[in-house]
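> Chain by chain, the residues run as shown.
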Amino acid sequence: MLLKEYEGKELLSKYGIASPIGFHAMNVDELVTAFQNIGSDAVIKPIGMKKRGKMGYIIFAKTSDEARAAGEKLFSIDGIKELIIEQKLDVENEVYVGIILDYSKRLPVLVLSSQGGVDIEEMADASPGKIKRVYISVLDGIDKQSLHSAVDSLRIDFDYSEEIERIALQLCKMFIENDAELLELNPLAITEDGRVAALDCLLAISDDALYRHPEFSALANERRTGTELEKQAAELGWSYLDMDGNIGILSSGAGITMAILDLLKLHGGKPANFLDTAQMGTEEVYKAFELMAKNKNAKVIFVNIFAGLNRCDLLAEGIKKYILEKKPSVPVIVRMIGNMEDEGFAILRSIGIEPIKELEPAVIKAVEIAQG
Amino acid sequence: MGIIVDENTRVVVQGITGNAGSAHTKTMMDFGTKIVAGTKPGGAGQEVLGVPVFNTVKEAVEETGANTSIMFVPAKAAKGAAFEAIDAGIKTIVVIPEHVPPLDTIAIVEKANRNDVVMVGPNTPGIITPRAKTKVGFVPNQYYIPGNVGVASRSGTLTYEIVSRLTKNGIGQSTCLGVGGDPIVGTPFPLAARRFQDDTDTKVMLFVGEIGGSQEEEVAALVKEGVITKPVVAYMAGYSAPKGKRLGHAGALISGTTGSMESKIAAFASAGVKVAKTPDDVVSLVSSALNHDK
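As you go down the protein sequences, you meet chains A and B in turn.
Note that this note's numbering has the first sequence beginning at 13, numbered continuously upward.
Note that this note's numbering has the second sequence beginning at 764, numbered continuously upward.
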């Protein structure tokens, strides 16, 4: 989960990394009050928006009226719900410090650049020489000598390079202790009066590690995005997506579900939704149908059963139970193959469904019905 | 013969007394796997399906000569279980659970590398070498027959779908490796490719990939550089995946252009690797690669 800028900065301060005095505001009045607390020169920016600088959404204010005008402008823009207002610092120089997971090297990597406030990926392509990387061992931490040389090679004034080195070390600690996936100070500013402060903070925590960070997991629950059905499915531990087509897809396993979506597209069909239950049994199939049926856009429901570890007959029982009890008006196409296949076929035939063994013909059949 | 697991594999099942642990111990034994021990803290003295249970992996190794561990433990216990196995001298670990925190996975990868331990997973259905009658995982036994196609896959269910087609057409497998569905895994495609290259039983390699990450591109690069000289066939899922939405596997998330299907197809094309468009196409591509090889 991605934390908000001010939440990231709060955590930074616990690790001894400074950022400008600031507040966040949900409306214009809150913004003006916050400006008065800051007193004078302030910078106002939307939260959680990429390229906000380029879009002209970072606004400076010297007076309450200017702050109010900035608030009115920004809150009227689609997608802006929350602003951050901070004391404006007199910046002499900006650098970039970030840590990301390098999936290929399979280690976290500290990335440093003498140029901050830029798109680091663009810079990596345009002038790779300006970027230094130091890999971090999760077992041993970062190698201090390598960090020192990397900071040194940025050729920043010595007075500040020591502080940047300290900040980088603290960031490594913060990254690992909080199970971060991404931690970026872009930019980290050196001010005219000699301070080093983070003007922005991007911090993402691994979803799979939220269980050991209760403070973040509470936030994640509050902020769970998606449609009502997507949230319901998430609570059952299923992967579910509402989409804009008219074929419902019920399958088990991420890879095969993606492959079915691909086949559907290949044959001109469009999914209304899909549900990937990690594992299926009689009860799960029944519940899965109940959930799927709540999306009213599906003209046909396609079920894929490949019973390698489970049994076709048990899953067919689940389908039978649902159809006899709920009498859905939407036709159901079942692709079924695997353990106890003949028994499964017999059960489905008893309720008037003719299962199809091969995947692609079954998908084509579903597309035909949807287009029919 | 085959990669990573073979007839010398002696397995300890960590978490053998749990539902999944005991159920899959049975299917592994049914396939012919030498399951020599299980562990469960405080469970010493019990037996599961005739397999002795020990408190620790160390005791299991000392008493039975186990050299491979499979972990049926919750995600939060994965790192501890893996460290225990490595410290006990186990040389191959198969980490089954899904949702292991990425930094835990990285810690296991680092420790495994330092101790010359081969790591498979996490979020994997395991690995199977049919000729050696050895399965360390939970893939359905009936779809695997001995042969010369080395299969590596990022998805369990998709592998069964595809391997069952190969088997139905009489095309056997040297080893089928489920690399795991996470962005970071112990034996990703490029490492698997190097092992298949060195394996005398493998004549053709099949990579079952998906969008996200760069494993497919890395294999393509190895082919292009001439490190991999055996014929390679690929199939990938996710042509129609919506951008930025997670479809199930954490590894299958596209951010920006990294990991896009276009990038993977282009990489394989420039390396001359044939890419199957549908699961059915895989059979004909693999079969013609095998025939060319003869």
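Just so you know, the hints here were simulated from the structure itself, not pulled from any lab data.
It cannot be assumed that every hint is accurate.
Stated by the list, open to error - Taking lysine-lysine pairs in the DSS-like style, the calculated list, with each CA pair at most 25 Å apart, reads:
| no. | chain 1 | residue 1 | chain 2 | residue 2 |
| --- | --- | --- | --- | --- |
| 1 | A | Lys277 | B | Lys1037 |
| 2 | B | Lys931 | A | Lys185 |
| 3 | B | Lys931 | A | Lys377 |
| 4 | B | Lys874 | B | Lys854 |
| 5 | A | Lys306 | A | Lys333 |
Being a predicted model, the structure only gives us computed values, none of them experimental.
> Hints broken by the structure, by number, lowest first?
The structure breaks only hint 2.
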